[in-house]
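Same order as they appear, the protein sequences are chains B and C. Using our numbering, the letters of the first sequence correspond one by one to residues 52 to 594. Using our numbering, the letters of the second sequence correspond one by one to residues 44 to 406.
Do not rely on the hints blindly, as some may be mistaken.
Unchecked claim - Restricting the straight-line Cα-Cα distance to at most 25 angstroms, the calculated cross-link-like pairs of lysine to any residue (SDA-like) are:
id, chain 1, residue 1, chain 2, residue 2
1, B, Lys543, B, Asn526
2, B, Lys374, C, Glu245
3, C, Lys160, B, Pro253
4, C, Lys116, B, Gly352
5, B, Lys375, C, Asp115
6, B, Lys375, C, Glu296
7, B, Lys324, B, Ala367
8, B, Lys374, C, Trp300
9, C, Lys183, B, Arg566
10, C, Lys116, B, Ser394
11, B, Lys375, C, Glu245
12, B, Lys261, C, Leu157
13, B, Lys375, C, Asp240
14, C, Lys221, B, Glu241
15, C, Lys116, B, Pro373
16, B, Lys543, C, Asp362
17, B, Lys375, C, Lys257
18, C, Lys116, B, Phe365
19, B, Lys553, B, Glu564
20, B, Lys374, C, Asp115
As the list claims (entries may be wrong) - Listed next, the stretches of chain B that the computed footprint assigns to chain C, with coverage defined by at least 3 CB atoms under 8 angstroms from CB atoms of chain C:
id, stretch
21, 170–178
22, 239–247
23, 381–392
24, 558–572
25, 577–583
Just so you know, the hints here were simulated from the structure itself, not pulled from any lab data. Every residue, glycine too, gets a C-beta built ideally from N, C-alpha and C.
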Amino acid sequence: MLTKISGGEIIDPVNGRLGKGDLWIRDETIVEPPAGGNADRTIDASGCIVMAGAIDIHSHIGGGNVNTARLLLPEQHAAHVARPAATPLSNAGWSTFETGCRYARMGFTTVVEPAMSPGAALHTHLELADIPIIDKATLAILGNDDFLLSMIRDDASEQMIEDYVAWTVGATRALGVKVINAGAAAAFKENVRTFSLDDVVPSYGVSSRKIVKTLQAAVDRLGIPHPLHVHCNNLGAPGAADTAAETIAAAEGVPLHLAHLQFYGYGTEGKRKFSSAAARLAELVNGTPEVTIDIGQVMFGQTVTISSDVMRQFSARGSASPKKTVIHDGDGNGGGIVPYRYSKDFYGTIQWAVGLELFLLINDPWRVFFTTDHPNGAPFTAYPALFELLMSRDARDKMASGVSGRAMALSTLSSIAREYTFEEIAIMTRAAPAKLLGLKDRGHLGPGGLADVAIYRKGKDIAKMFGAAAFVFKNGDLVVKDGEISHYRWGKALRLNPPPDKAMVRRLREYHERRYGLSLDWFTFPDSAIAREQPFGEVSCRA
Amino acid sequence: MAVAWIGNRETLVERACEQAAMLLQSSRCPVFSLDTDIHGTRAAIALAERVGAAYDHVDGAALARETALFTDKGAMTVSPGEVRRRADLVAIVGELPAAHHGFVAELADTVPDLSAKNAREFFLIGAEGMEAPSFLGSRKAPMLSCEGAGVSAALAALRAQCAGRRVSKPVSNFDAFKTALADARFPVFLFSGHGADSLALEMLQGLIADINRKSRASALHLPASESGWGGALASTWMTGFPPRTGFARGFPEFDPWRFDVARAIAAGEADLHLWISAGAAGTLGKTDGVALIALAKTAMPIADADVTIAIGEAGLDHDAVVYSGRTGSLAAVEAGKASDLPSAAAVIRQIAEHFPAGAALPC
Chain B
52 MLTKISGGEI
62 IDPVNGRLGK
72 GDLWIRDETI
82 VEPPAGGNAD
92 RTIDASGCIV
102 MAGAIDIHSH
112 IGGGNVNTAR
122 LLLPEQHAAH
132 VARPAATPLS
142 NAGWSTFETG
152 CRYARMGFTT
162 VVEPAMSPGA
172 ALHTHLELAD
182 IPIIDKATLA
192 ILGNDDFLLS
202 MIRDDASEQM
212 IEDYVAWTVG
222 ATRALGVKVI
232 NAGAAAAFKE
242 NVRTFSLDDV
252 VPSYGVSSRK
262 IVKTLQAAVD
272 RLGIPHPLHV
282 HCNNLGAPGA
292 ADTAAETIAA
302 AEGVPLHLAH
312 LQFYGYGTEG
322 KRKFSSAAAR
332 LAELVNGTPE
342 VTIDIGQVMF
352 GQTVTISSDV
362 MRQFSARGSA
372 SPKKTVIHDG
382 DGNGGGIVPY
392 RYSKDFYGTI
402 QWAVGLELFL
412 LINDPWRVFF
422 TTDHPNGAPF
432 TAYPALFELL
442 MSRDARDKMA
452 SGVSGRAMAL
462 STLSSIAREY
472 TFEEIAIMTR
482 AAPAKLLGLK
492 DRGHLGPGGL
502 ADVAIYRKGK
512 DIAKMFGAAA
522 FVFKNGDLVV
532 KDGEISHYRW
542 GKALRLNPPP
552 DKAMVRRLRE
562 YHERRYGLSL
572 DWFTFPDSAI
582 AREQPFGEVS
592 CRA
Chain C
44 MAVAWIGNRE
54 TLVERACEQA
64 AMLLQSSRCP
74 VFSLDTDIHG
84 TRAAIALAER
94 VGAAYDHVDG
104 AALARETALF
114 TDKGAMTVSP
124 GEVRRRADLV
134 AIVGELPAAH
144 HGFVAELADT
154 VPDLSAKNAR
164 EFFLIGAEGM
174 EAPSFLGSRK
184 APMLSCEGAG
194 VSAALAALRA
204 QCAGRRVSKP
214 VSNFDAFKTA
224 LADARFPVFL
234 FSGHGADSLA
244 LEMLQGLIAD
254 INRKSRASAL
264 HLPASESGWG
274 GALASTWMTG
284 FPPRTGFARG
294 FPEFDPWRFD
304 VARAIAAGEA
314 DLHLWISAGA
324 AGTLGKTDGV
334 ALIALAKTAM
344 PIADADVTIA
354 IGEAGLDHDA
364 VVYSGRTGSL
374 AAVEAGKASD
384 LPSAAAVIRQ
394 IAEHFPAGAA
404 LPC
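Same shape as in the complex, but just chain C:
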């Protein structure tokens, strides 16, 4: 199976890496889109520093909402293990990413063994008309929503009503929630940047802060993308900043607007796009005037890519370290079906070897 292409022409991986290195060195404004494991992210950030690139996650908008909660506001959070063992009230905020449905179903099937109540109630907080998620099975989950309003407004009204203030549009099922909240020892709100905007995330934390004045409550962060959040952690320890960070001036700068890679490409600022993802490459489009290097799990060249190099999927084709929303931390995973496809990290290091007189990447 061919594993590298220059344009549509099959070539050796080494030649493709050499061509990619040439394109990266000649670029005046390279941008990277990342969706890979921890070591792939580390190598990509080290490469970004070397070539003065900016980097973002492939689903940068959702990740940016999540990182902004921390960089701008702060939060109260809880680990998934404590939620399973202690949460006697679970409120789901907006739609959750599919990757976490299994865990929430698990919560629906279990009771908190560290809670005196030994029972768990569910609520949904969302836009009016939001359907009950199927992963809750037959579990009842009253909807907390406001007429004609989205999740942010529902949270705002819920917070106001919990504080005893009047609202113009009351929250549905509020009395049931109020009673359940009064009985709960450790209520937990499940949230993600996937199903809630920045205002909703901030309002949710305001509600939790209010509850914690007299009793306990917290929030479980279920990231919009596990690779995105894992990448954010690695980026933060390597540079001090989460993604939407750039090295254009030789040192890391964090700017969620300027280094929004999709925006930079659309605005014609970028002249090279390095795309790294073992996931679906079909969504990747070519933009005029922007060279494209794709590291993807593919058996054929990516359409319009100047260079395509096949990589393996982390945790399937090769061992990996990934963020696990199930444990709330980084985990080592063995290759499920080991193959010869190289990891993203290995390919990135190989590209860097073609830079003249450069030391090996530090990651």
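Next up, chain B with everything else stripped away, as it sits in the complex:
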């Protein structure tokens, strides 16, 4: 089918296309305007912004910990109104089905679940496969697992480490690797309660820094497009900016991605010893070109924190609201679920302001990524309101007038005039994520690109505009019309497929049989286990 999207304001920074024009789609692909120009279908996009489908690089949308959070909080996801018959199960308050529909309505077409425990890869992919419409991907968690820590302790060769990382990524169908509070979950099992970058994991004699550097190097040498995705130590602690600064310095010229930097943007100034250190961190990021970050913006209201940083979550149990938590010691990281309500008090305001400061003080939209660390800072449904805060100083000032004045006095936010442009939004939420993840077929509107297109009706109300897209195409299918789901389809999970090293597979078989009394087969699965046609799409590693 040949589709013409006519007369929209096209914003495609990758191809330098900014301004009114037409966009042509043939089946799944964006194409050059055809000779003759007879479209089978024409979409009138006059008065609209036309962008590539948005890509979320860090959103906890599926897997063991997410599902445990659902289980813990049945009262937090009361069902909504009846939905159109064409969208099965998408009226469930917090379900896989609802997740896909809500993302699609906002013009998001690819979302990365950033924390997959390798032992729960099948569970994670089954959940992702039940998220309709959009494409998904996951990052495999390493860095607290006995196999890796033992190899580092025993000075295993770089090649062996790479073989293990490659096997993990391939077997779990991941798009990259994440390390979460490296070494801390292993240390917590030995009753260690705080853990910093140069602390050493008991019994292994390996520092957190060593784990991060080992994985960073392995990911880089393997040609995995996405740099090592790092959840630093000391998340949420006053003074965590020091840890983040040390981790940024530890990049040492090799690409490194720091997740949800907002949660580390805290200094120790003021009477409460809790202040914004966002300006300092932004300056460091601006001066360290090999580092990319996503924000993890806090928005006010009820949410639930879900993290494989089990040590941190255990320490946060006292702040749970409502007062119930799950803390799980897993084979590697495990995880913790702590419900939380961000209020407009001093602490909540500092967190809210730190995120916005980072967004606005980091100069390069190619290196700062739009996330709330869903649902940790806020549910992804808060994205439209967040777009408004980034694009309108007036909106920020209005919001700031209702929050803690004492906290705002310790933040630079009120003095920042910057407003994101549509072009910067397109870079931050489309072009840059595609580049960061190695997804060459998306994030732009050039001929040959995948026809993932989001069309927003331009208006003064930015949140309304981004909350309900006028039209969304996924793989050329019109899936959203006037903010409602118009067509149901199943996306894929994007994965790397590095070939496994046979010696490493033998070693892992022996390890699992000896240490766990189980065949390695218990931890792997065939694609057919997902029970959907073509559940995976393959992405190439760098040559």
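Fit chain C to the supplied structure of chain B, relying on the hints for placement.
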């Protein structure tokens, strides 16, 4: 071999599915009892949404106790792999389901290689007079119990004594436990909704929270039913809720009392019962005024069922995804002895094809 019946009459699977679809559509209050693999559960929940049914596990009471621990209280838990490698003290809470005896025997035969102690001690927490389980072999496992009391009271007294409080009925072998706990680096309590009631599960988590103030401890959940817990996981990601969820109003509602399927049938609220299990169908009884559709591994029609359709056993007759208590997650299992018997998921989808103008089920 016949594989479908309407009443006692053999028929084609397609005819039986058509009849089942007719009964489901005409039902005003259908209820489902599930005991199947992940894909069977997914298909059944999708069907439940289509016909406005409520669903529960066939052993709904035990599963409800386990889900209530999470929905109401929260928990500290640990993976089975970490228990094998790290637990230097294992305390078994109440009777454990037979499906997990092999793993506990394995724990008794191994030592924790990630523990400095390289040894494992066992204790039993239970009602007075509870017999030592045979799967522990010759392993010593002192009993922690209170005179004339059940497992909940024993746990309550144990928690109180661990906190240095006085109790009216002391726990047997408490001094041995106290010494072992002081020496342990990673004690783990094994629990199940099979052998412990809700109060016991809550008290156990209180004890673990107390221990974790200064040292480490956790609990291993060994589900009363692996199909039940696997189904609970799938239900939770599909609807936001574990079983005892219903679609009567067009959207999922979680209500552990209202959607207790056994209660709904006994109270005369339900008018159709869809029973899905490749396990023993002999326990399935017919209730007056309740149409019965049985998907079961059977060579003959289920007594008094309006429709019976034979299905295969997950992991034996067909490949499947199931919850494994041994790994603490979902696992893909190959058919042990592949047969032509269809999976529950395949039959459910075939039933849904007979609904007028309905799109295919999403699972």
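How the hints compare with the structure:
In summary, the hint linking Lys543 (chain B) to Asn526 (chain B) is supported, as the alpha carbons are separated by about 11 angstroms, within the 25 angstroms threshold. As the CA atoms of Lys374 (chain B) and Glu245 (chain C) are separated by approximately 14 angstroms, the hinted pair is consistent with the 25 angstroms bound. As the CA atoms of Lys160 (chain C) and Pro253 (chain B) are separated by approximately 14 angstroms, the hinted pair is consistent with the 25 angstroms bound. A threshold of 25 angstroms between alpha carbons decides the hint, and for Lys116 (chain C) with Gly352 (chain B) the separation of about 22 angstroms falls inside it, so the pair holds.
Straight-line distance between C-alpha atoms of Lys375 (chain B) and Asp115 (chain C) comes to about 8 angstroms, which keeps the hinted pair within the 25 angstroms bound. Of the supplied pair hints, the one linking Lys375 (chain B) and Glu296 (chain C) holds, its CA atoms being roughly 21 angstroms apart against a limit of 25 angstroms. For the hint linking Lys324 (chain B) to Ala367 (chain B), the alpha-carbon distance of about 18 angstroms falls within 25 angstroms, and the restraint holds. The straight-line distance between the Cα atoms of Lys374 (chain B) and Trp300 (chain C) is roughly 23 angstroms, inside the 25 angstroms bound, and the hint therefore holds.
For the suggested pair Lys183 (chain C) and Arg566 (chain B), the alpha carbons sit about 24 angstroms apart, so the restraint of at most 25 angstroms is met. Of the pairs offered as hints, the one joining Lys116 (chain C) and Ser394 (chain B) holds, with about 24 angstroms between alpha carbons and a cut-off of 25 angstroms not exceeded. The hinted pair formed by Lys375 (chain B) and Glu245 (chain C) meets the criterion: a straight-line CA distance of about 12 angstroms does not exceed 25 angstroms. Restraint check for Lys261 (chain B) and Leu157 (chain C): satisfied, since their Cα atoms lie roughly 21 angstroms apart, inside the 25 angstroms limit.
Taking the CA atoms of Lys375 (chain B) and Asp240 (chain C), the gap is near 19 angstroms; set against the 25 angstroms cutoff, the hint holds. Restraint check: the Cα-Cα separation between Lys221 (chain C) and Glu241 (chain B) comes to about 19 angstroms, which is no more than 25 angstroms; the hinted pair holds. For the given pair, Lys116 (chain C) sits about 10 angstroms from Pro373 (chain B) by alpha-carbon distance, which is consistent with the 25 angstroms threshold. Between Lys543 (chain B) and Asp362 (chain C), the direct Cα distance comes to roughly 22 angstroms. Compliance with the 25 angstroms bound is thereby established for this hinted pair.
A C-alpha spacing of about 20 angstroms is found between Lys375 (chain B) and Lys257 (chain C), which places the hinted pair at or below 25 angstroms, so the restraint holds. Taking the CA atoms of Lys116 (chain C) and Phe365 (chain B), the gap is about 15 angstroms. The hint holds against a cut of 25 angstroms. Our distance criterion of 25 angstroms between C-alpha atoms is met by Lys553 (chain B) and Glu564 (chain B), whose separation comes to about 17 angstroms. For a cut-off of 25 angstroms, the pair hint linking Lys374 (chain B) to Asp115 (chain C) stands: about 10 angstroms separates their Cα positions.
By the rule of at least three residues with a Cβ nearer than 8 angstroms to a Cβ of chain C, the coverage given for the stretch 170–178 of chain B holds, with 6 such residues. Counting residues of the stretch 239–247 of chain B whose beta carbon lies closer than 8 angstroms to any beta carbon of chain C gives 4, which meets the minimum of three for the stated coverage. With a threshold of 8 angstroms between beta carbons, the proposed coverage of the stretch 381–392 of chain B by chain C holds, since 4 of its residues qualify and at least three are required. For the stretch 558–572 of chain B, the assignment as covered by chain C holds, since 4 residues bring a beta-carbon within under 8 angstroms of that chain's beta-carbons and 3 suffice.
For the stretch 577–583 of chain B, the stated coverage by chain C holds: 4 residues have a C-beta nearer than 8 angstroms to a C-beta of that chain, and at least 3 were required.
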